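S.K.: The opening position of the sequence shown corresponds to residue 1 in this note's numbering, with each subsequent residue numbered one higher.
These are computed hints drawn from the structure, not numbers from a lab.
The structure presented is a predicted model; accordingly, all values stated were derived computationally and were not measured.
Keep in mind that a hint or two might mislead.
As the list claims (entries may be wrong) - Straight line, CA to CA, 27 Å or less: simulated DSSO-like cross-link-like pairs of lysine-lysine: (1) K172 / K64; (2) K578 / K517; (3) K353 / K283; (4) K634 / K64; (5) K307 / K361; (6) K283 / K307.
Said to hold, decoys possible - Between beta-carbon pairs, the in silico distance windows are: (7) L605 / P466: 42 to 48 Å; (8) G219 / Y158: 23 to 29 Å; (9) L316 / N564: 36 to 42 Å; (10) M489 / A627: 45 to 51 Å; (11) K335 / L605: 49 to 55 Å; (12) Q624 / G509: 46 to 52 Å.
Note that beta-carbon positions come from the ideal geometry of N, C-alpha and C, so glycine has one too.
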Amino acid sequence: RPLTTGTLPCLRNNTRPNIIAKSDNNASASAIPPSKSLKQSTIVKKKASNTSTWAERVFKTRLKLFATSAEVRRRSTNVGVKGKLFTELSKKFVQNAQKNQIPDCNWKEAKIAYNPEEGIVSIDKFLLQHFFTFCESKLPPKVAENIQSLRELSDLRYPSEWFPEARQMQRKIFLHVGPTNSGKTYNALQRLAQAESGIYCGPLRLLAHEIYNRMNTQGIGCNLITGEEKREVSPHAPLTSSTIEMANLAKPLEVAVIDEIQMIADTHRGWAWTQALLGLKAKEIHLCGEAAAVPLVQSICKSLNEKVVVHEYNRLTPVNVTRGSLFNDWTQVQKGDCVVSFARNNIFEIKQKIEQNTGLKCAVVYGGLPPETRALQAQSFNDPDSDIDVLVASDAVGMGLNLNIKRVVFSTIRKFDGEELRYISTPQLKQIGGRAGRFGTTYASGEVTTMIPGDLQYVQQAMDAPITYLKQAGLQPTVDIFELFALQMPTEKFSVLLEQFEDFASVQGMYFLCNFKDQKKIADAIEHLDLNLRDRYQFVNAPVTVRNARVVESFQEMTELYSNMKECDLSDITKLPKKPPTTAEGLKILESSHKIIMLYMWLSLRFPDTFITPQDEALEVKDQCEALIDTALKENSSIGKKPHRRMQAHSRLP
Numbered sequence: 001r002p003l004t005t006g007t008l009p010c011l012r013n014n015t016r017p018n019i020i021a022k023s024d025n026n027a028s029a030s031a032i033p034p035s036k037s038l039k040q041s042t043i044v045k046k047k048a049s050n051t052s053t054w055a056e057r058v059f060k061t062r063l064k065l066f067a068t069s070a071e072v073r074r075r076s077t078n079v080g081v082k083g084k085l086f087t088e089l090s091k092k093f094v095q096n097a098q099k100n101q102i103p104d105c106n107w108k109e110a111k112i113a114y115n116p117e118e119g120i121v122s123i124d125k126f127l128l129q130h131f132f133t134f135c136e137s138k139l140p141p142k143v144a145e146n147i148q149s150l151r152e153l154s155d156l157r158y159p160s161e162w163f164p165e166a167r168q169m170q171r172k173i174f175l176h177v178g179p180t181n182s183g184k185t186y187n188a189l190q191r192l193a194q195a196e197s198g199i200y201c202g203p204l205r206l207l208a209h210e211i212y213n214r215m216n217t218q219g220i221g222c223n224l225i226t227g228e229e230k231r232e233v234s235p236h237a238p239l240t241s242s243t244i245e246m247a248n249l250a251k252p253l254e255v256a257v258i259d260e261i262q263m264i265a266d267t268h269r270g271w272a273w274t275q276a277l278l279g280l281k282a283k284e285i286h287l288c289g290e291a292a293a294v295p296l297v298q299s300i301c302k303s304l305n306e307k308v309v310v311h312e313y314n315r316l317t318p319v320n321v322t323r324g325s326l327f328n329d330w331t332q333v334q335k336g337d338c339v340v341s342f343a344r345n346n347i348f349e350i351k352q353k354i355e356q357n358t359g360l361k362c363a364v365v366y367g368g369l370p371p372e373t374r375a376l377q378a379q380s381f382n383d384p385d386s387d388i389d390v391l392v393a394s395d396a397v398g399m400g401l402n403l404n405i406k407r408v409v410f411s412t413i414r415k416f417d418g419e420e421l422r423y424i425s426t427p428q429l430k431q432i433g434g435r436a437g438r439f440g441t442t443y444a445s446g447e448v449t450t451m452i453p454g455d456l457q458y459v460q461q462a463m464d465a466p467i468t469y470l471k472q473a474g475l476q477p478t479v480d481i482f483e484l485f486a487l488q489m490p491t492e493k494f495s496v497l498l499e500q501f502e503d504f505a506s507v508q509g510m511y512f513l514c515n516f517k518d519q520k521k522i523a524d525a526i527e528h529l530d531l532n533l534r535d536r537y538q539f540v541n542a543p544v545t546v547r548n549a550r551v552v553e554s555f556q557e558m559t560e561l562y563s564n565m566k567e568c569d570l571s572d573i574t575k576l577p578k579k580p581p582t583t584a585e586g587l588k589i590l591e592s593s594h595k596i597i598m599l600y601m602w603l604s605l606r607f608p609d610t611f612i613t614p615q616d617e618a619l620e621v622k623d624q625c626e627a628l629i630d631t632a633l634k635e636n637s638s639i640g641k642k643p644h645r646r647m648q649a650h651s652r653l654p
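Hey, can you work out the whole structure from these sequences and the hints?
M.R.: Rendered as structure tokens:
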């Protein structure tokens, strides 16, 4: 199978990629799923020695196919290793690697480099990088010089040097860690409220809004900056609440709070947490999150000669896994339950089953809903005076919402990742299960259970499993770094430039290069448009939902208007219905409209001369869209019913 396709079951319980770096593999093994319905379970049930044997077999298979891979040949040709030269060198490379004659090119290092999100692609990338190193001394001088230049320009081994002003400071780092509902963020926010200057950096727009509102309600001036919106209560306000990607690294501060620090290992967004940790010019930096991040943060700060003070927090309320499941009996669902599923359509089916079998009314929370709508649904569920009794939710319930949940019920423990069904990871299950029980509410203790009896053992083992510590933090090249790299190949497609950067980038052991998968798809969608490199880099990093055809088409339309130097009004891109939808398909269209509105607002902050709708007007349209969605969820019970014909799925970018 070619480099760009295919997946393998997880080699280990870690979803981060490691392209060329070495790392110890001391992470605890994930709990063993009881079911044999997926091929993944046949892997995770094996002992470590058997898993190692399996990993060795996979490595040898990919190595054997390396020299005949059309994708490897194409990517090698892009840098001048082509024709007979490629054939000769690739065969020698495979022969030498099979004899263990190439340093660090073996199955153990490949296992570390394996990324479950990319599957066999990550193994092929690992081999390709070693192949280029192997080739360098055997190539014609011009080709070797080109490869050497690409390698030097994609050198990300010393990211701390990107922020020289922060390195001149002696910052104090405080790490507040604990499980869900342990109060770990409280003290950090108290310190922020006392500061003469400070910033809150969170993973979600909803959290940034929450801190913005909280501080201003307390009479503390706080501005808001997210990717889509800026609100300035005063140019002299001491505090700013922002999403992590929008953190101001140029401004000297007294206190900074970085929330959900464990997301530093996220394969797509981890770079933003790394950038904030390395680059914020704050005298005190308070990091809040899971204990899994402690060793990694300590290692990073040790490399900066900065000490870390760790504050550990215990859960304020107990949570226990029940002895028995609900045995697929929907009548057993109770008031205060949160029933978890990982597919949008299933959420509405479950809502319908619960309401028909119990008479209880349900709110819903899932990733496709606007964050504001999720908050309203959560508020209705929390309100003891409302008619909402049960919450049906996806993994979006794990972060960013305050919820009064008595019991978390997993309707499934598997999630489709775009390629295949996988068991949800132990940390993810713990985070969701930990939402049960909340200090200061009627649910002083929490319970976790499953709908299917066979899933209960996995949940029990996962909730009891020791911490799986993070090993690496994400990196992404700055636009300056990428521009210098791209100048070496001025005629290449932008997606190929991203691909080549992945092939040549070098990182240190505690870092990895974040995934460019979505950026490459976006780049291909706008490749035909006339954009300079810096603008194109901005556009490919826009928050485009690449699996939603309507959003992609609107993005292409907006980008084309920018390319042609024409103005773009929000009303030209999307129009809202006058009445809320009454079908699931209509709701999905409205959700897409909200994504398009947010995308427009994101672009308008960066290219205001083209995207001319004022922020206040765009916010008004956004609020109207959210009101329509909220009304549809509250008033139309038919929303959850299956349509008579199968809905056509959104197409994806190739």
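S.K.: State for each hint whether it applies.
M.R.: Verification of the supplied hints:
1. Restraint check for K172 and K64: not satisfied, since their Cα atoms lie roughly 50 Å apart, outside the 27 Å limit.
2. Restraint check for K578 and K517: not satisfied, since their Cα atoms lie roughly 37 Å apart, outside the 27 Å limit.
3. This hinted pair does not check out: K353 and K283 have alpha carbons roughly 54 Å apart, beyond 27 Å.
4. Taking the CA atoms of K634 and K64, the gap is near 57 Å; set against the 27 Å cutoff, the hint is violated.
5. Between the alpha carbons of K307 and K361 the distance comes to roughly 51 Å, so the proposed pair goes past 27 Å and is violated.
6. With a C-alpha separation of about 12 Å, the suggested pair K283 and K307 falls inside the 27 Å cut-off, and the hint holds.
7. Remark: the range hint 42 to 48 Å for L605 to P466 is upheld by a beta-carbon distance near 43 Å.
8. Hint check: G219 to Y158, Cβ distance near 43 Å, so the stated range 23 to 29 Å is violated.
9. The given range of 36 to 42 Å is broken by L316 and N564, whose C-beta atoms sit roughly 57 Å from each other.
10. Our hint of 45 to 51 Å for M489 and A627 holds, since their Cβ atoms are close to 48 Å apart.
11. Distance hint check for K335 and L605: the Cβ-Cβ separation is about 43 Å, which falls outside the suggested range of 49 to 55 Å.
12. Distance hint check: the CB atoms of Q624 and G509 are about 50 Å apart, consistent with the given range 46 to 52 Å.
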